[in-house]
Amino acid sequence: MISRRALMQSLAAFGAAPAFAQKSGSKKTLVVVFLRGGVDGLSMVPPIGDPALAPLRPSLKPTRPLPLDATFGLHPAMSALAPLFQAKQLAVVHAVGLPSSPRSHFEAQDILESGSAGRRARDGWLNRAGRALDDAAFSMVAVQNGLPGSMQGDASALAFPSLKDLRIGGGDVSAATFESLYAQAVDQALRTSGHEAFDSVAKVKTEGLAERPPQNGAVWPRSTLGRRLQDLARLIHADVGLHLAATELGGFDTHLAQGSDEGQLAQRLKELSEALAAFAVDLGPKLADVTLLTMTEFGRTARENGTRGTDHGTASASLVLGGGVNGGRVLSDWPGLTKLYEGRDLAVTTDLRSVMSECLDATGLRGKDVFPDFTPARVGLFG
Amino acid sequence: MRRLALLMLTGCATGAPPGATPPVTLHLPPTALTAPEQVTHALHRLAFGPSEADRQRLAAAGLEGWLAAQLEPGVDPAIEARLSGFKTLSLTVADSFREYPRPEQRLKALGVDVKTGEGRAQARQLARENPDALPRQLLIELTQAKLLRAANSQRQLEEVLVDFWFNHFNVSAEKNRVRWMVNAYEREAIRPHVYGRFRALLGATAKHPAMLWYLDNWMSVRDGFTLPRGLRDQDDDAPRAMGLNENYARELLELHTVGVNAGYSQDDVREAARALTGWGLELRRKKDDFAQFEFHRLAHDDGAKQVFGLRLPAGGGQRDGELLLDFLARHPATAKHLAFKLCQRLVSDTPPPALVDRVAAEFLRTDGDLRATYRAIIESPEFWSPEVVATKTRTPFEFVVGAVRAIGTLDEAQRPLATALEQLGQPLYRCAPPTGYREDAAAWVSAGALVSRINFGLKLASGRVPGVEVRLPPKSTSVEAIALGVLGRPASEQTLSIVRRALSSDDELDERRGVEVSKVVGLLLGSPEFQKQ
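As you go down the protein sequences, you meet chains A and B in turn. If you use my numbering, the first sequence corresponds to residues 1 to 383, in order. If you use my numbering, the second sequence corresponds to residues 1 to 533, in order.
Be a bit skeptical, because a hint or two may be false.
[Unchecked claim] Below 20 Å or equal to it, Euclidean Cα-Cα: the simulated DMTMM-like pairs (lysine to aspartate or glutamate) are:
| hint | chain 1 | residue 1 | chain 2 | residue 2 |
| --- | --- | --- | --- | --- |
| 1 | A | 28 | A | 261 |
| 2 | B | 459 | A | 179 |
| 3 | B | 532 | A | 187 |
| 4 | B | 207 | B | 294 |
| 5 | B | 459 | A | 289 |
| 6 | A | 27 | A | 361 |
| 7 | B | 108 | B | 118 |
| 8 | A | 27 | A | 172 |
| 9 | B | 87 | B | 141 |
| 10 | A | 164 | A | 199 |
| 11 | B | 459 | A | 369 |
| 12 | A | 28 | A | 369 |
| 13 | A | 339 | A | 50 |
| 14 | B | 459 | B | 412 |
| 15 | B | 532 | A | 179 |
| 16 | B | 115 | A | 261 |
| 17 | A | 205 | A | 165 |
| 18 | B | 115 | A | 172 |
| 19 | A | 164 | B | 422 |
| 20 | A | 203 | A | 179 |
| 21 | A | 286 | A | 333 |
| 22 | B | 87 | B | 99 |
| 23 | B | 87 | B | 188 |
| 24 | A | 28 | A | 262 |
[As the list claims (entries may be wrong)] Incomplete in silico selection of chain A near chain B, CB under 10 Å:
| hint | residue |
| --- | --- |
| 25 | 105 |
| 26 | 106 |
| 27 | 142 |
[Stated by the list, open to error] If you want the footprint, here are the derived chain B segments under chain A, 3+ residues with CB under 8 Å:
| hint | segment |
| --- | --- |
| 28 | 446 to 460 |
| 29 | 495 to 503 |
If you're looking for bench data, these hints aren't it; they were derived computationally from the structure. Beta carbons are placed, not taken as given, at the ideal position from N, Cα and C, and that holds for glycine.
Excised from the complex, chain B in its bound form (with noise of 0.2 Å):
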């Protein structure tokens, strides 16, 4: 057993802007763990899995400090800086359907008619000049970046948990409208806030044009209001508005707070979803952007509501809305909710009670601030056990960037990746159900998968996945050396014996040796051992 030390680190040290928050002090408990396990087994959890450039930012500033330095980031300005390329990352809803809109739309708006056959070449040929400017472009870039900073960030932990709360809330691009808004929902109201109080988020969330379009809660009037003719799209085929919709209110209480075994009833659902009419969208004539969120008063349903507990006088308004996202998010049932998917994210699949009791009440001490939350789970001995190490299963966002991070660095993120995410059943903005994507590893274990996965990491390995740029051991290597590099821990004899035998019945002769090394790494990368972490 060991004792890691206690550290203190001051904001500024890290970056980030003077008195913005307290100091990171980590009090990381004792561990059976050897120090170059528990390195691996950080990178894996905290990160997207060990990769040459984060090991040796982790010797520089040593385990605690790098820990610290991630619940407290700085900037990173070498990913900025290669994020800067993309043209979309920074719009606004707003601009986002000014600037790609549908080619149809674009020539409507010179006068054209689409209706027309002539119309229709025009569109199709305003596609084929400009793909560039087409709507997926939004959803291309912002996958690209998804995966840069998930391979090369330093920030790593702020990714895993961009990644978490964007899944938390999910917000679908399927959803028509939704791609237009997508990229400012992740940029706005999920990442400024993983590290802040949960009341921010859910409050940001829940009032971002993605998730009122995604969840219908625009749409969502008191009983008997009509929402005026030509406020709504053809396209989209949302019915006009003609009552109460619970869909947004019912995933608030299932799905973002208190969790669908608190107790709740059908009652309560219907009476969130009154406190919430009239929380919806700027709709302004001949303005087709549905792109901010407005509070339509003449809609709100302003008599009295009593939701789970919460008594709500009439006349409240917009109040109503946010006095229930105060109490939700403050509501133990929440904290236990949020306590038991972060363990089960950063832990185990099966993360146990009493951790999640622990981090439970560290939340409700807290108010909800996050960032003491995730603490709580890197300074508990159940992290840092060696019985949770290696026993996750692998996403498939989190093979295919851990692959990469592996043996290589990721240089530009081409289409093959999104394409390798699509196959592996995890295309990325595009979960459909509003529960997000599964974290256990039932939900990605299966046959089909696998051999998706065993094919990948060949392609990988062997240098023909465009955009990566692998960098292979030395001739020399031993099997077992590179194990411990592709792996981030000893391989099983086993498994060594396994990769040998493959190599010994191919041939020994030394030009070989280049392809012998990729081999040996194709097969690691596709081992069931690289599927854990």
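If we strip away everything but chain A, and leave its shape as in the complex, we get (with noise of 0.2 Å):
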């Protein structure tokens, strides 16, 4: 079995590597992070001009939602996201998904990540971005357990829980040994593994990258997401050329009591606000460089259900926040409330894929390549 990247390396070899290997040469770095379960997009960014959004929601609609223009606030959990907002470096897409994506988690999920409305494409978008991209050892990488569907394929990705798990255990000597076990290696897969895997052992160690303190007067919150995020800055800060990036929060699935100003959702979206907030101050000046989206599976129902919850729907909303981002803006093409998508959800007006490939643009990749049968809308979150 050769990879991708065997194979590009023997081309190169002869002088032939073909046309697809053209490197982006970009500087710039997209985080994607996936919010699972599917987040209830009308509380996290409630249409509080829509006449037609309190009776769907008696006991769940924020109370006290922070403002965001005329007809979108935020919710009040997500305060330490406000000063983005208005520092214009934070954008809200609304009534945004698949196209009748269908209300499982798991396919849901898996349309998305591989980005393919239709069939299930074999690799994910990401991957598919990221085969224009250079040979460092943390070019693509996903800061969770196993590398998500949305980087699986055949470029090379790397994936671990936090970077102080990416070391090797047995000290220094047993490095060394693995380093030469991979170097002789028959396999010529395992051979080019080997090396990355050490090559990013080394920097980690080298550079200290897991203990890199925060910068720019960040405080970060001691949550998994704060971590995560905490290690991505950390990378971006040590210039090892990242340039995509994944990493992922659950407990969206708020079926029962999700709670309204206070609760199970609104911590979550504590979590998240407050991790992304502490992101942009670490990276400050950087952020210039970084774009980050974060999206889920679907949203949910507009109607709160029997059990004080909400159920698997269709349209949510992203936040897209970055240096670059036309941001202080709420762009959608709302739908409204009082004709719903099959009588229950949020329709969604804007396909998710113009957004994520707007999105690689903005980081030097092109976007139109990656989504099979898809031809991106223009959606503006950029200049």
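Assembling the complex is the task here: the two chains are given apart, and the hints tell you how they should meet.
Right under this line is the structure:
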């Protein structure tokens, strides 16, 4: 079995690298935060100007939203993000999702991460985008257990739960021994992956990546997402060539006792917003080269259910944070809550793939080449 | 070249019920492999890697005797006794729902309003007090049982095959109700049929609640039919059945039988789905278990159908589905598809086309007799070719179990093993897409995964994985001999010299030799050579 990278290397040795090996040369980074479980976009960014909201959500509507514009507000638990919105570094895309997405978590996540609305692709959208990247050890990274579907495929990607875990046990001799063992491996894929592994392990160690202190006065929350985004900020500061990054936060499947200003969902939104805010502060001027996108497999039913929660729906909202973002706006062709999709859900008016594609473009990668059978529409998130 | 003897073995001799199946006759081909190479190769591909216990069994029975017994295994009282302590393994789907409900459901049954703050607090308390009664216990025990069987069962080939066919007919415990069904699915739909006819296996999966739920066929009904209200569970968000759902029919063709390149069309998928309308689950008001197959005549589309060359006249009822499964199980494209997958698992990531053709022909000749199909692979020169030895990369499951078997025994499958599999990307029973986990190396060889494998090997060798009893070679053992034991074959000169260098640079004090042995073993488990089987 020959990996794509191994193939590239052998072709390059003969001076015959094919056209798609053209490297991007970009210095920018895209961070994708997958919010698993189906985020209730109508709570995260409630359409406070839509009179249909209150009757649908008697017990769930946030009572003290932070107004973003005439139509939309921000959940009060997300106040940490308000300054970023005002500084126009944060934009919201609302009524976003995949058209006719299934309402099963695993199918919807599968389809979204593969980036194809019809039949599943065999690889993920970030991996396809990553084919244009340099072979740096940290060019494509997932800070979580195992590679997410979006990063599976031919291009090399590295997954680890935290930078601290990216080390070889047993001391220096053991690390050096493994490096020698893999350098002489007969199997080419093992040899190549081994090289990448020891490269990144060595970098974490020699540059002290896992211990780098917060920058620009950032105070990181002690949450899982906080620790993961902090690791990504460390990699960005260290200029290791990180271009595509992914991480995730779960717990949004709020069928039961979702809560309003406070409660289950509010807790999650607080964790999300505090981690995002600390990320922006920590990066400081470096945020100019970074885009962070949140996405979720689907939104939730417009009407609250019989157990003070919401069930699986269709459209939700995405947050886009970054120095290049033309923020301070909620971008939405608002479908309204009077005419619901299939009589129950907020309808999709912006295809999430258009948002994903635009974020790739902003990172110096060609978004339109990444989604099979789909032509992205302009969303206008940047410039 | 040596000629392996022809062997006859009766069913009685291996403990199988008399007269159940004809005796297995093996005709092993000539091979360039030495006898020890053959043993290691057989244990790598037809078992979860060499273990001391299976080496002894194989030595006692001889290679041919061991292979024949694997094709027609007798009972293994030791593993049965070991698993008898797991309460959930024998539960039916209905019992699983009843005995392992969510705490909220338990309280609801007691009349507690779980929507109030107090009710929620009670649910949390209940979960804290009885962690072993939570639904997750079902998956915990099933995972432990799978690890214990793979590590310890004498019926090694059966475990390999159960793993293979479960993955072929994948369902995921991640999909809500499947969690309560997956245990019964493996026990009822997969395990009893891995040595039987493919048609029986196909039919058992098609009718099992786990598959009906996982691929939505339970809610696939003829156009215009509506499932009565109240017969669905709010938590599951399954929309009410309102028409045809093609999910199962599509995977039946693409994954389970003829394969994606067989030349069927979207119309064939739709027609197959029509034939299977009404193949659903027992639905009773106030009975919340969805625990059994039931054919719903009123939901069935009784018009004529034409699927991929099969004509089904109007009025067939449940027989439409049966005839469709008959047709697909005997289709040459199915034979080819299954032969390829089996050869990919047992022989090579890129199996020789001539071998795939011969195995497919045997499958067709025997009307889908799976035992005969495996035998065709085991008797092929390609299986015993030096070219395929040590060329397949272990999947994370094969790596973890193989490492345990190489250096010790698994007494208890504690949490760290399941965690290791999650970190390596292969959480058991939780592969979300219906494709199952990939078999070829490309899916499993990555930088992050290698770091995890290396660290797992070091941890295991140093005796820090609870539940695993590690038996290291004695202190005076040479690096060469340790490597032979761990890898099951001689290590390359380069590997040996690299490992020796790692030792001499530390120290050579005798009292440290115990540490050194575990270090050598840890280095070998994480080495590129151990990743291959």
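A quick look at each hint next to the structure:
For the hint pairing residue 28 of chain A with residue 261 of chain A, the CA-to-CA distance comes to about 36 Å; that exceeds 20 Å, so the pair is violated. A hinted pair counts as satisfied when its Cα atoms are at most 20 Å apart, and residue 459 of chain B with residue 179 of chain A qualifies at roughly 18 Å. A distance of roughly 9 Å separates the Cα atoms of residue 532 of chain B and residue 187 of chain A; the hinted pair therefore holds under the 20 Å criterion. The straight-line distance between the Cα atoms of residue 207 of chain B and residue 294 of chain B is roughly 8 Å, inside the 20 Å bound, and the hint therefore holds.
Using a Cα cut-off of 20 Å, the hinted pair residue 459 of chain B and residue 289 of chain A is violated, with the two alpha carbons roughly 40 Å apart. For the given pair, residue 27 of chain A sits about 13 Å from residue 361 of chain A by alpha-carbon distance, which is consistent with the 20 Å threshold. A threshold of 20 Å between alpha carbons decides the hint, and for residue 108 of chain B with residue 118 of chain B the separation of about 13 Å falls inside it, so the pair holds. A threshold of 20 Å between alpha carbons decides the hint, and for residue 27 of chain A with residue 172 of chain A the separation of about 32 Å lies outside it, so the pair is violated.
Between residue 87 of chain B and residue 141 of chain B the alpha-carbon distance is near 8 Å, which keeps this suggested pair within the 20 Å criterion. With a CA separation close to 15 Å, the supplied pair residue 164 of chain A and residue 199 of chain A stays within the 20 Å bound. Straight-line distance between C-alpha atoms of residue 459 of chain B and residue 369 of chain A comes to about 43 Å, which puts the hinted pair past the 20 Å bound. Pair hint residue 28 of chain A plus residue 369 of chain A holds up; C-alpha atoms about 18 Å apart against a cutoff of 20 Å.
For the hint linking residue 339 of chain A to residue 50 of chain A, the alpha-carbon distance of about 12 Å falls within 20 Å, and the restraint holds. Among the hinted pairs, residue 459 of chain B with residue 412 of chain B is consistent with the structure: their alpha-carbon atoms are about 16 Å apart, no more than 20 Å. The hinted pair formed by residue 532 of chain B and residue 179 of chain A meets the criterion: a straight-line CA distance of about 17 Å does not exceed 20 Å. At most 20 Å may separate the alpha-carbon atoms for a hinted pair to count; residue 115 of chain B and residue 261 of chain A meet this at roughly 18 Å.
For a cut-off of 20 Å, the pair hint linking residue 205 of chain A to residue 165 of chain A stands: about 11 Å separates their Cα positions. With a C-alpha separation of about 56 Å, the suggested pair residue 115 of chain B and residue 172 of chain A falls outside the 20 Å cut-off, and the hint is violated. Our distance criterion of 20 Å between C-alpha atoms is met by residue 164 of chain A and residue 422 of chain B, whose separation comes to about 18 Å. With a C-alpha separation of about 14 Å, the suggested pair residue 203 of chain A and residue 179 of chain A falls inside the 20 Å cut-off, and the hint holds.
For the proposed pair residue 286 of chain A and residue 333 of chain A, the alpha carbon gap of about 31 Å is over 20 Å, so the pair is violated. The suggested pairing of residue 87 of chain B with residue 99 of chain B holds, with an alpha-carbon distance near 10 Å, which does not exceed 20 Å. Under the criterion of a C-alpha separation no larger than 20 Å, the hint pairing residue 87 of chain B with residue 188 of chain B is consistent with the structure, at around 16 Å. The hinted pair formed by residue 28 of chain A and residue 262 of chain A fails the criterion: a straight-line CA distance of about 36 Å is larger than 20 Å.
Annotation: residue 105 of chain A was flagged as interfacial toward chain B, and the flag holds, the nearest CB pair being 7 Å apart, inside 10 Å. Because the smallest distance between the Cβ of residue 106 of chain A and any Cβ of chain B comes to about 4 Å, under 10 Å, the interface hint for this residue holds. About 8 Å separates the beta-carbon of residue 142 of chain A from the nearest beta-carbon of chain B, less than 10 Å, and the hint is met. Remark: the segment 446 to 460 of chain B is confirmed as covered by chain A, as 10 of its residues place a Cβ nearer than 8 Å to a Cβ of that chain, reaching the required three.
Counting residues of the segment 495 to 503 of chain B whose C-beta lies closer than 8 Å to any C-beta of chain A gives 5; at least three are required, and the coverage claim holds.
Going down the numbered hints, you'll see the structure goes against 1, 5, 8, 11, 18, 21, 24, while the others check out.
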